[in-house]
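Novice: The chain contents come next:
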Amino acid sequence: MREITFLEAQQEAINEEMGRDDTVFVLGENVQAMSTTGLWKDLSTKYGDMRVRDTAISEQAILGAAIGAAATGMRPIASLMFVDFLGICSDELINQLQMRYMFGGKIKMPLTIVAGCGAGRSIAAQHSKSLYGWLMTIQGLKIAVPSNAYDAKGLLKAAIREDNPVLYLTHKLSGGQSSQVPDEDYIIPLGQADVKREGSDVTIVSIAYGVTMALAAAEKLQANGISAEVIDLRSLAPLDKETIINSVQKTGRLVVTTEEPVTGSAAAEIAAIVAEEAFDYLDAPIKRVCAPDTPIPFSPGMEQFWIPDEDDLIKAVTEIM
Amino acid sequence: MREITFLEAQQEAINEEMGRDDTVFVLGENVQAMSTTGLWKDLSTKYGDMRVRDTAISEQAILGAAIGAAATGMRPIASLMFVDFLGICSDELINQLQMRYMFGGKIKMPLTIVAGCGAGRSIAAQHSKSLYGWLMTIQGLKIAVPSNAYDAKGLLKAAIREDNPVLYLTHKLSGGQSSQVPDEDYIIPLGQADVKREGSDVTIVSIAYGVTMALAAAEKLQANGISAEVIDLRSLAPLDKETIINSVQKTGRLVVTTEEPVTGSAAAEIAAIVAEEAFDYLDAPIKRVCAPDTPIPFSPGMEQFWIPDEDDLIKAVTEIM
Amino acid sequence: MAITKDKLVEILTIMLRIRTFEESVQKEFAAGTIPGIVHLYLGEEAIAAGACANLTKDDFIVSTHRGHGHLIAKGGKTDLMMAEVLGRKTGYCHGKGGSMHVADPDIGMLGANGIVGAGLPIATGAAASAQIRGTDQVAICFFGEGASNTSRFHESINMAAAWKLPVIYLIENNLWAVSTRSADVMGESQLSKRAIGYGIPGVDVDGNDAVAMYEAVAEAVARARKGDGPTLMVCTTYRWRGHMEGDPQFYKPKEEAEEWLKQDPLPRFRKYLTDTGTMTAEEIDAIQQGMVEEMEKALKFAKDSPFPSPEETLEDIFA
Amino acid sequence: MAITKDKLVEILTIMLRIRTFEESVQKEFAAGTIPGIVHLYLGEEAIAAGACANLTKDDFIVSTHRGHGHLIAKGGKTDLMMAEVLGRKTGYCHGKGGSMHVADPDIGMLGANGIVGAGLPIATGAAASAQIRGTDQVAICFFGEGASNTSRFHESINMAAAWKLPVIYLIENNLWAVSTRSADVMGESQLSKRAIGYGIPGVDVDGNDAVAMYEAVAEAVARARKGDGPTLMVCTTYRWRGHMEGDPQFYKPKEEAEEWLKQDPLPRFRKYLTDTGTMTAEEIDAIQQGMVEEMEKALKFAKDSPFPSPEETLEDIFA
Ligand SMILES: Cc1ncc(C[n+]2csc(CCOP(=O)(O)OP(=O)(O)O)c2C)c(N)n1
Ligand SMILES: Cc1ncc(C[n+]2csc(CCOP(=O)(O)OP(=O)(O)O)c2C)c(N)n1
Ligand SMILES: [Mg+2]
Ligand SMILES: [Mg+2]
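Chains as they are written, first to last, in this note's numbering: chain U, 3 to 323; chain W, 3 to 323; chain P, 232 to 550; chain F, 232 to 550.
Possibly wrong hints are sitting among the right ones.
[What the hints assert, rightly or not] Keeping only pairs whose Cα atoms sit at most 30 Å apart, straight-line, the calculated DSS-like set for lysine-lysine is:
{"#": "1", "chain 1": "U", "residue 1": "K110", "chain 2": "P", "residue 2": "K457"}
{"#": "2", "chain 1": "F", "residue 1": "K424", "chain 2": "P", "residue 2": "K424"}
{"#": "3", "chain 1": "U", "residue 1": "K48", "chain 2": "F", "residue 2": "K483"}
{"#": "4", "chain 1": "F", "residue 1": "K485", "chain 2": "U", "residue 2": "K48"}
No wet-lab data here; the hints were simulated from the structure.
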């Protein structure tokens, strides 16, 4: 074990998987020299230009070629930079990734898409989205969003080894976070949520940087005598319903927070599942702590207003106690 | 009043609005000669090639140019054929339509996007989607989906006159439906649901061809002594929460049916709203009657299994009575 | 270039197989036994047949909504195809895909595709895969002149040109995209000129001439296998039928359609074969007759096959 | 073509305004007063200034993430821009947009844009709007050579060529797209050749020569206004700074950067103006001095302005 940052954990994951499996390769914009996320550090020197491929600004070709390569024996990692740019290659997401299904199970699609997400850096409407709810509607796509360095490495390795398409998102504010990470190889299976804090009065479901926020809120709630359980989803798809429902059975109360406009959010899906499958455990309305239904504004004061934060979460919890 | 079909109602709406306002124009693939939907019948003869513009197969240019035209004084109708094709121009949907907001309120965007949706014609995964939940996450977009000829005309005219972007969807199975339509000009305001059948035991929220299905199910439920209220949303955005909540207050039970994979569906959003804002009225779990989480299969038997139908709806209602 | 007799017979056989398959589908569709929609390749057979005669089983092709001919040319089995088109469990996709998604990855056929233009980056990726793995595989990407106006044309060809990928972008210019005459919605209708902007060869071919097709593609394939990168080929032909079966085609000038029917690639190739003494009329007729029988069997196989059970809807999503 | 003295002075003034504005932004960003990120137009001033000198207030331009220069060239006010870049309520977008979204539709500036390539169809649509309304308005669409590889380049130019729209697609080829040398990821780096594939003129211009820019765009604008359709212009220049402020630029060869600094468009234009006797050094210096004062005022205006209230987040979605 040693303490490393989120970004270092991710660099290790990719580096190790490229070393482990010759069919893993990276394609995307600016992956050879440097990139906005630093994920690709040193890879082209180590693995060469054939396996670390700079592309033009051509997101459809990037994701589409990754699909073609994945269908023919490779294990591509497609760098899409920001989740906001996925709109450009959404036909690949909604109509092409599903090749296996359309062909009656005839093909494997071992493909990892990596992108950043999240607000908080004042880069406005087109570079700050998370799109969790939008992405969850995509058939045949697994989605991982780690909240700490340990999970970041384990989920990324799992994604790369997965025989199905995985979208792996990193929240912009998570990159500097550090945690203890084992020296030896490990993965975190996709689709397993993690109870990051146990509690008995209310269940808070969160993801990505929202987990950090929820844990801080839980501390404050504790000071007010409210014991909050904090679940880190880690994967949006497959969604670990069981962990959520078990927790709600215990606490009787649910607050879901995801950083995105409330309408059509991942929080909506989770609320709907619980309202359908765990209704009898509920002692109070299900609260969603999300952003308002607007694009993300640039100016920091408005942006902070837009982002669901500790205060919003504490207020929501308090309202249903 | 006269009885006309859904398609005729739509043809009238476009024809009348083009006659009423010189800035209305149509662009898209095959709009001049004929189209898969027949929406554009006779328009190019009447209004000329300047206002009925055939494009190449270039969905980004179609929607992007419509945005540019809408921002500069025109009132475009962009024909996107099938909602499945919106993935291609999703950057326009999630990042460009929001021009007004990003510019601080400086521009109007009077733009109508028309497309078909829905399964039931055995045209497989890439031509049968509805994507309601996916589309509802888009900021600044209004969405109308009529279920009968009367609503079809009124909503389409409202969409064309609206100073904001509107996506107007037609379910493939709706086109032949007929209803009484007034001779005189009328619109149906966006964002107003319609109670298509009153009932007291359970609220069924539905949309598009699902309304036809829900009404048939309600008849059968009545025979079993269950009085179902059927709400036709008509617009997914703005969403008429009030009508839904008022109904749930009366019935105490909610079943939402939308034709799309259940995860991230419009039904999820509606369930979440009610679980948050009308929890105390609820006497039973909220049921969603949607499709399974898979692409749409081709072969008719599987396709019918995939489509949520009367039996599924009746079963869900019965389970919570 | 000297084409062997075997090659010529192979090309003819494929053309006849496509023609007969499509005629069967046409009849079945009219008879109402085929769910959904079908887009026929009638009149365009020389393209797929001539092109794919240059490939081995290991090479890749990527197809379109009008994909029956491509799959047959790559070695697809007509019984499994017919079963798929009829929505049967025994079909290539177990009834999940239908006409618009016929595929056989085992022979490198990466699928028909209902989204116009979507095949281009997929073919590009298959070619990148071959390049990284260091094989001599090539990919042929078939698409219509309509698809050449989609976004992916540009991004894919630029990527392949920059990376010198072993891929051939093969435009089937049948003049029409649904009811739109493609030349009317393009700035420049000589599509091969676009190659200049990517620094790759652009080649015009008579798509109704099987020999010309074979030879032009042979050159592009050789170039690709050598590592010299992609080629853009524009093969002119004509869409005999409506965009899909049932299309009344009000928009098509009758004389144009008639003129093109006279350019039928099959009699033309037949004449070439008999004129050059490569085959006799009887030999050709025998192959033709064999195809008729093959389609009867294929149809019987399909119709005797069960539909998938409804619950199979839930299978095949994840590996 | 004879350029009037007024025009030349106008171009110089705009270039100096852009230069001085960007230098102020550079300093402010380093000082930490600017939220988010900024992409500077330093070294590329001759392009926007020379191009927009051909437009009237009614014409349209569409910009990029590197948009300050374009807005200034179209007549934008530096105080409102500075306020926006600093996130103030008085800014062009009331703080909603910031550097990447500065816009002034009232003078036909349809916005900077954070999505590379997204401006192309928007400009195309503005040109279609002009064509349908029967005005003589034209649109200039500015974008980088990196953006020329995006999907929308192809779809937009093909549409404009087919419809003969009054639009100029103007590539600012500053050689780099973030840390990628664009020539390395393109099949053919002489971008003007792509025009051939759309049947429109493709023009290469020295983007650091203000007069050449003015003249080349004048011709394209005249063509557009006459109804003869779009032009593709490739204006070569260099991105002096990092992709955005704070970019350490490890990837850029030092000599290249130094070589290009010598091609600074401003001294070049200054020399032209003095050599031709159009302006004296003193006259030029006076304008320059005026700009320094304008930026001080703009900065003061911005800094004295309030931030929007958080609740304004909820405004401006629907008309
Ligand atoms: C992205 C997309 N846009 C539109 C359609 C509808 N569509 C199906 S086939 C077709 C025409 C294709 O023309 P072309 O590429 O020339 O192929 P052809 O049908 O002539 O073989 C169109 C517009 C589609 N399937 N996908
Ligand atoms: C669609 C999209 N892909 C990637 C990015 C990230 N990005 C921002 S600017 C840029 C480079 C643009 O290069 P170019 O068009 O040459 O403009 P320049 O920055 O050189 O002015 C990239 C890749 C983006 N904003 N949008
Ligand atoms: Mg065609
Ligand atoms: Mg550049």
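Novice: Compare the structure with each hint and give your call.
Specialist: Hints, verified against the model:
no. : hint               : result
1   : U/K110 with P/K457 : 29 Å, holds
2   : F/K424 with P/K424 : 10 Å, holds
3   : U/K48 with F/K483  : 21 Å, holds
4   : F/K485 with U/K48  : 25 Å, holds
Hint violations for this structure: none, all hints satisfied.
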